[in-house]
Amino acid sequence: MAATTERTRPRIGSHLFLTLLLVAFLFPVAWALLSAFKPADAIIRSPLTFDPTTFTLDNYTAMFQDVPIGQGFLNTAVVLLCKGAATMFFAPLAAFAFAKYQWAGKNLVFGAVLITLMLPTIVLIIPLLLEMKALGWVNTYQALILPGAVDAFAIFWMRQVITAVPDELLDAARVDGCGEFALFWRVVVPVIRPGLAGLGVLTVMNIYNDFVWPVVAASSERMATLQVVLSTLAQNITGNRIGADYATVTGELLAASSVALVPLLVLFILLQRHFINGILAGSVKG
Amino acid sequence: MHRHLLRRRALIASAGLAAAAPALAACGPDIASEDDAGPSSRLQAPDRTEGEITIWDRSGDLFEIFEGAIAEFNAAYPGIKVNHVAVDIDAKLQNTLITGADVPDGVFLDDAKVGGFTDYLWDLGDVLAPYTADIAQQKLDVNTVNGGVYGVPFDLDPGLLFYNATALEAAGIDIAAVATYDDLLQAARDYRAAVPGSAPIHLEQSAFLGQLQLEMYASQLGTSIADADGNLRLDTPEFERVLTFLDTVRQEGLGTRAEYLTPTDIAELDNGNQVFYPWAIWFSFAPQQVLTATSGDWRATQLPAWDAGGARSGAMGGSSFVLPKDGPNADLAWLFYEFLMFTEAGYTAVWGPGEVYPEGLATSIPSYTPAADPAKPLYSGITALGGQDLWTVATEAGAQIPGGTPTPAWWAGAVDYLGNNLQRMLDGDMTPQEVLAQSTEDIQVNLVDRQ
Amino acid sequence: MTALPVPAARRAPRAGRGPRLRRRLAPYVFVLPFAAVFAAFSVYPLFFTARLSFTDWRGTGAATWVGWDNYAYLLTNPAFWSSLGNSAVLWLLIVPVQMAVGVLVAVLLNDAKLRLRGLYRVAFIVPFVTPLVAVAQIWVVLFDQRYGAVNAFLGLFGLPETGWLTTSAWAKPTLALLFLWKTTGFIVIILLSGLQSINASIYEAADLDGASKARRLWSITVPLLRRTLGFAVVLQTLAVFQMFAEPFVVTQGGPYNSTTTAGYYLYNHITRADLGTGAANSFLLVVLVMALSLLFVRLLRAKD
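Residue numbers (the numbering used here), protein chains in the order written: chain A, 4 to 289; chain B, 1111 to 1561; chain C, 44 to 347.
The hints are simulated quantities; they were obtained by calculation from the structure and are not laboratory data. Keep in mind the model is a prediction, meaning the values are calculated, not measured. Accuracy of the hints is not assured; some may be wrong.
[Stated by the list, open to error] Below are the BS3-like pairs computed for lysine-lysine, each with C-alpha atoms no more than 30 Å apart in a straight line:
1) B/K1435 to B/K1223
2) C/K156 to C/K256
3) B/K1435 to B/K1191
4) B/K1223 to B/K1191
5) B/K1486 to A/K136
6) B/K1435 to A/K136
7) A/K103 to B/K1435
Work out the full structure, taking the sequences as your base and the hints as a guide.
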């Protein structure tokens, strides 16, 4: 740890600055969570106040009635489990090969990985969609899971982490008769556990929050993930000329956003140490 | 330690990869060689009445209304099962049509967007033939592309002048005297004199709706952005006249600039600052559902004319039903729409009083003239309009909408140019002439020439 | 661990050639699952897009080969350049601010004796884990001109109503703020990791020289953080030039296309079913992003 050599001082300036930032960072989330319990028109008319006597669950009941959010959660859970598991196993495995082996075509493949990092998601959407059509996968879980499983960023990130594992450790294990896969499973994985935890939280977050591809790949409501459900609801504010009341939809939207936000927030607060240490492990240093 | 972020060799390798891609590609769309003069794309009525159809509607009140009408349809066609789903059509339709998977049999679509999808849709010329003589010409125009008719016309949306009768009366303004847009300007000036600080006329701030409203004004003059051959006709005296009117409203400070029924707009309507709303009949949704303080104060009348004796209405927006060629039972979906639009039981179920709107669907009128009979109202007194007989006002206005106003396939894309430039004019940054010249050039280069 | 000085290959293998062969084959096996998915769902579509970029194709029927037409159209189109301009302005609004705030916060949080350190760390990363679609909607409501909490708050100080999302002057900063809010926490953590690898003794030496805090930050911390900063800058440059979801949900590219980013402009072709032009636009964007990344890498190398 490189704590500065500063002797203990009150640090009022630092705290003031950090507290201001803290308020700015937490305000939007806190505002949304609280406002979802206000009557819909009060959200619009007096955004800054909260009157406990008008506490209401109306937005939630309306939202649960109008929005297929349960189905959204279910679909997201399925995708999360499958795609997450694939990424968590195959990405470190491939990254191991990139970090610790010499093999023909390595640079070419890694270059291709980097190129996909630079590729905006929407670039590939049309060809991917046609591919799904050719495979007969439109509106299936495969379509939501496979493209982007083991994504380029995960490879890049894990290669970063695994490169830091000392070669001597691997060589020593080989001398002990360790097979190549066992090397990965018994030596590398335990050592990079913090990095894996970071990747885990990042992966869960990316999959949970992804919406560009799911909007396109799941045209049917029964396949809509949580984010697709949310964005559809959001479209109702701007898209519907007739039949949508701004205040009601805003109330439902805040309720839906809260419901979507809370699971990740809880997960993150529970796992924050692992997550932060994981990012610390994976990023470029010095 | 190799901790460099992006290794140069890898980058160069990937650059090479990208450059080689076109040469390597055996993958890609089929390049045209054979002509795609496939089987006829004109839908024929089915000789069966059994099966299942999937119908897409956008969520909201209309979904509920069509949902309610399914029972009526099944009374006539018990063998057809309707799978009715609420869908974000703008986001989903194109991708679904491209992939051809799970394609619905019938889709509710904005008129302005029908032209963009015609490659994927059945030409309904044959099945509609028995009815075309009785369908509002404007609706046939917007659904016709290169001689084919691609949508079953749903609603007719005549432009009306909505006004706050209570506020105008208090200010001593006689709405009956407003017969032309010059009269409207004068009435607005008078109102502002009586209610200082008010800005009586609505000026639309959304680029899309602003362009839609512009087309309503132009439609009164029998014109639109492009003619039936797709040629631009924007830089014309008619459009200049409309824009000059809007620019005058702006210059004299007679307009409230807001997006349609956003909170700002609603507040200005409810506090009596904004009392004239020249808009399609679907504005009646506002006094019925959104406005609080002034609900019941609003009335509708025909639009002012551009010249005394001219047409007192123009079309604004509206929707139709399209039938994708890849829909497995599109022919049965035709039966569904035929029933809803062209039989009395059907159109009564849609527009008449029902669960969703106890007073009837007073946000539009049918485009099928026998259904839009002033003498046989599907709805009449609307409480939110002080009990006014909106049906009569709307059907009489609807009958005046001039035809000859087709919608080009690129209409929605034009919003980036015409819609935006119109807003720039309302910001005071462009003159009407500049808007027309600039938009014409941009639309020609970016849309017309790239079809 | 006992590190043996002998190169691995020369060590006596226990079971003849088997392990060595296995060691040579292993990476291919390890990479295979990833490579299969990658080839099928990244490389193949990429080639498809490349070919598509030379055609006029509306998503149905046959495509027409048009050579370089799509590229020529884009490169001579002011709208294409203004989409790049919008992204460049957003970059300027985001990246320098984020790096400055990021370094400052990371340095403060790196102080082990700072109270509430854990709380701050968690609070700053909360925005990063919240779903964008939800947050973007919250932004729309918060920054509403008439009813938004932001204007209501500023109104308390007598400040006039501002059209945050409805004027082209403010829409970009408002969008940039969303992006800053959402991602700065992540950047702080990345920078923290860089700081933690800096040897404390360097600071001790500086202390002896009596260097001021500000001076220490500027002449010791920042240079030593160069590579981590470079990583963060490249990461954010990629993100800013690919930015799509934020304008898609918050502004739909408006007002007056002022928030039509490079990524969003690309999407416009797709919604108009002009897929060939969309593909050409993709490649132009990839080349640009690649060039920028190379540029940053080069700049950072030069100082090594």
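*Does B/K1435 lie within 30 Å of A/K103 when you go C-alpha to C-alpha?*
violated (54 Å)
*Can the restraint linking B/K1435 and A/K136 be considered satisfied, given a maximum Cα separation of 30 Å?*
With a Cα-Cα distance of about 16 Å, the restraint between B/K1435 and A/K136 holds, given a limit of 30 Å.
Is the hinted pair B/K1486 and A/K136 satisfied, with a Cα-Cα distance of at most 30 Å? violated (49 Å)
For the pair we were handed, B/K1435 and B/K1191, check the Cα-Cα distance against 30 Å. holds (19 Å)
**Message:** Holds or violated: B/K1223 and B/K1191, Cα atoms, limit 30 Å.
**Reply:** holds (28 Å)
Checking one constraint from the list: CA of B/K1435 to CA of B/K1223, max 30 Å. Satisfied? Since the Cα atoms of B/K1435 and B/K1223 sit roughly 17 Å apart, the hinted pair holds (cutoff 30 Å).
- Query: Under the criterion that the straight-line Cα-Cα distance not exceed 30 Å, is the pair C/K156, C/K256 satisfied?
  - Reply: holds (16 Å)
The earlier numbered hints that this structure contradicts are 5, 7.
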